[in-house]
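Listed here are the chains, written in short residue letters.
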Amino acid sequence: MLELQGLSYVYQDEQAGYLFDLTAVAGSIVGITGRSGAGKSTCLELIAGFLRPDDGTLKAEGKDILHLPPEQRPVTILFQKDNLFEHLSAQDNVALGINPSLRLNQNQWSVVGQAIAKVGLAHLAKQKAARLSGGEQQRIALARSLVRNKPVLLLDEPFSALDSETRAEMLLLVREIVTERNLTCLMVSHDPNDCSQVADHHVVLKDGRFHLGSEVQAEQRF
Amino acid sequence: MNFSWLRRSPASSLPGLVAGLSLIILAVSVFAVIYSEGAGQGLTVDWAPVLSVLKMTFFQAGLSTLLSMTLGLTLAWSLSHQRVFPGRGFLVSLLSVSMVMPTLVAVLGLVSVFGRKGWLSQLADLFGGPGPGTFVYGLTGILLAHVFLNAPFVARALLQRLDRLPPDRLKLSASLGLSPWRQFCIVEWPAVKTSFYALSATVFLLCFTSFAIVLTLGGSPAFNTLEVAIYEAVKLEFDLARAVTLAMVQVLVCAGLVVLASSLRNDDGSLGVVSRVSLWPAPVGARVLQVVTIAIFALFYISPFLAVLWDGALADFGRLLHEAAFHKALVSSLCLATLSSALTVAMALAIGGTKRTLGSPLRVELNWGSRTLSSLLSFSGAIYLAVPSLVLGFGFFLIARKLTADVYLLAPVALLLANCLIALPFALVILAPAMEKSALRYDRLAFALGVRGLARWRLVEWPGLRREIGLVAALSFCFSLGDLGVIALFGNRDFATLPWLLYQKIGSYRTDDAAGIALLLLGLTLAVFFLVPKFFDRGGDA
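As they're listed, the protein sequences go chains A and B.
All residue numbers for the first sequence refer to the numbering used here, where the first residue is 11 and numbers rise by one.
All residue numbers for the second sequence refer to the numbering used here, where the first residue is 142 and numbers rise by one.
It is worth saying that the hints were derived from the structure and are not from the lab.
Some clues are possibly wrong.
Unchecked claim - Straight-line Cα separation of at most 35 Å, DSBU-like style, residue types lysine-lysine; simulated pairs:
#1 136/A with 376/B
#2 578/B with 216/A
#3 578/B with 69/A
#4 312/B with 543/B
#5 578/B with 91/A
#6 196/B with 91/A
#7 469/B with 138/A
#8 216/A with 91/A
#9 469/B with 376/B
#10 376/B with 138/A
#11 160/A with 578/B
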């Protein structure tokens, strides 16, 4: 469960600001679309803790999380690129999700192994991240979100650079994980088809605010 | 609301701030001590000779720059078109050596080849042609040496740009059937233009502050640069008032040049990958020009290296190695270079790191305070571009005189500090962008995962920066090893470095020993320059 109430943000050099109101329930995927610059990434960065809102509240599982630093928020975020440290192996990248100093015991390493197997890349566990394809890199990042085991999953267009077949696979994998783990997932995408494929709800960012997908589509018809 | 986590970096940026601040204080005190010394002396100086030195320095540096840049550009263009010939890789990697080559070693090599009894004159005798005479001394010698030391690294830098031209532009110009000259004007020149201007400013600054070359090849006071004039005023004529005037003029002119250069230096840095488009054969005329340029340059550039090798191989190392003065100089040089290298890396990392923190919205709140501190830090590193090593040494010399009766007690400290400060601007140019790139790429990820402190350094920074750290370590080691600027003021019987000992050997016509020392210096420089970065690059993979 994730609640944004009056979460507002204004960029220094811009006039218009953003005002986010949104409630997402566990086990569901909320697809967010909108033109570039509409504030999709801004919204996720506010939730992840990279930006500091001017006002408003942000709750996860009923608790206020605004005062927490990024790594302590009950949130995992996947970026469009650079989700992995390229010089580290795939399994080290996943292991960082358990211990940021990369000191794991045997049990924890086997958890890492299971997560990598879950995303179907057990055979590439020891490869350097730089050697993996774009799709494989995002799979490993998903595996890390599994071991981090945070209730909120934020996807900032992580699949937009992939070919359509790989993208469909990844979307199904996300759907499976969200349902299995009962996660709350916000998925930013520039492609409304992604949303219609796997999202339970669809919202559109326009003029700095969320609108229901159905409303906007209706508007556009006229 | 408590957002203290947004501003958690101040503690970690303290070393950088302290380093930056002390650099500025030091620079100000050097300037102040030189000025107050001058004021104390009454500054009743005859300006006519100062102006004539200034005029000559400008003339010499301008001509040197013109020649170096012309050759550098022609060579880079030729090499970018001639991709395949035996020894190309070797020649290209040898180009960057000119940046770290000890100037005195270069001078010895050039004299051996172009001197009155050098290889060229022997060749001329063989064929009965006119020999080079005293070509290697005076203005022609200075120009020759400056071109020898600067044109190669200009070519290297420009070649790097040309090699990374977007392939599509080359394909386009081929499909339009552009002549080599049109292609140069439309495709290649715009790509190297900014670098070319920035490099011109750098080369001019280097030639303007040239010391060892002018001291050894100039031959007559007529060709003195300000640097040499300062040295002679301090060491030979004990005319401190004159030295102070010269130093002030020097600092002011250099500061102006640095400001001018930094306004030119806006390299976009958007280097692509090395393009693998095979170039279509150019018209015969262009190809002949390219091949001839490369051949003549290779001959000109490589023969002094060979001369140093040849002369050094004939030296009596048995005797040299048993000489106590040699031992002391070798140990001093190695210790100084190692310490200076470590100190330079540490300072560059501290300053670069703090600068990066101050520029990142994820780490601090960006406001006028962070921006002011950030530009102050940039200034603290670049400031020493405007203070040539000899002026810096002179400042330290005056400070040391105030602190102790025996100036030479502080010589090692002054030398270490000066060498480090001279390398620092270069170190920052290499390290700061790499650090910023790493932050841009991995900051959010590292913050999201909580990778910080030592773990961040071990897992993220070190693997990403070790190549650059290795390069900086090697560069500053070589700069320190080959320096003849500061040691010229502080060197004496008890305290010498290898270049200083080499200078004395040349002065006392011990050419045999000089050749041995030159070979050793060249060998050390090459080994460190090529092996240390490799060592750093590999070290982290284990």
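Hints versus structure:
no. : hint             : result
1   : 136/A with 376/B : 64 Å, violated
2   : 578/B with 216/A : 32 Å, holds
3   : 578/B with 69/A  : 33 Å, holds
4   : 312/B with 543/B : 66 Å, violated
5   : 578/B with 91/A  : 14 Å, holds
6   : 196/B with 91/A  : 56 Å, violated
7   : 469/B with 138/A : 48 Å, violated
8   : 216/A with 91/A  : 25 Å, holds
9   : 469/B with 376/B : 23 Å, holds
10  : 376/B with 138/A : 59 Å, violated
11  : 160/A with 578/B : 29 Å, holds
Hint violations for this structure: numbers 1, 4, 6, 7, 10, all remaining hints satisfied.
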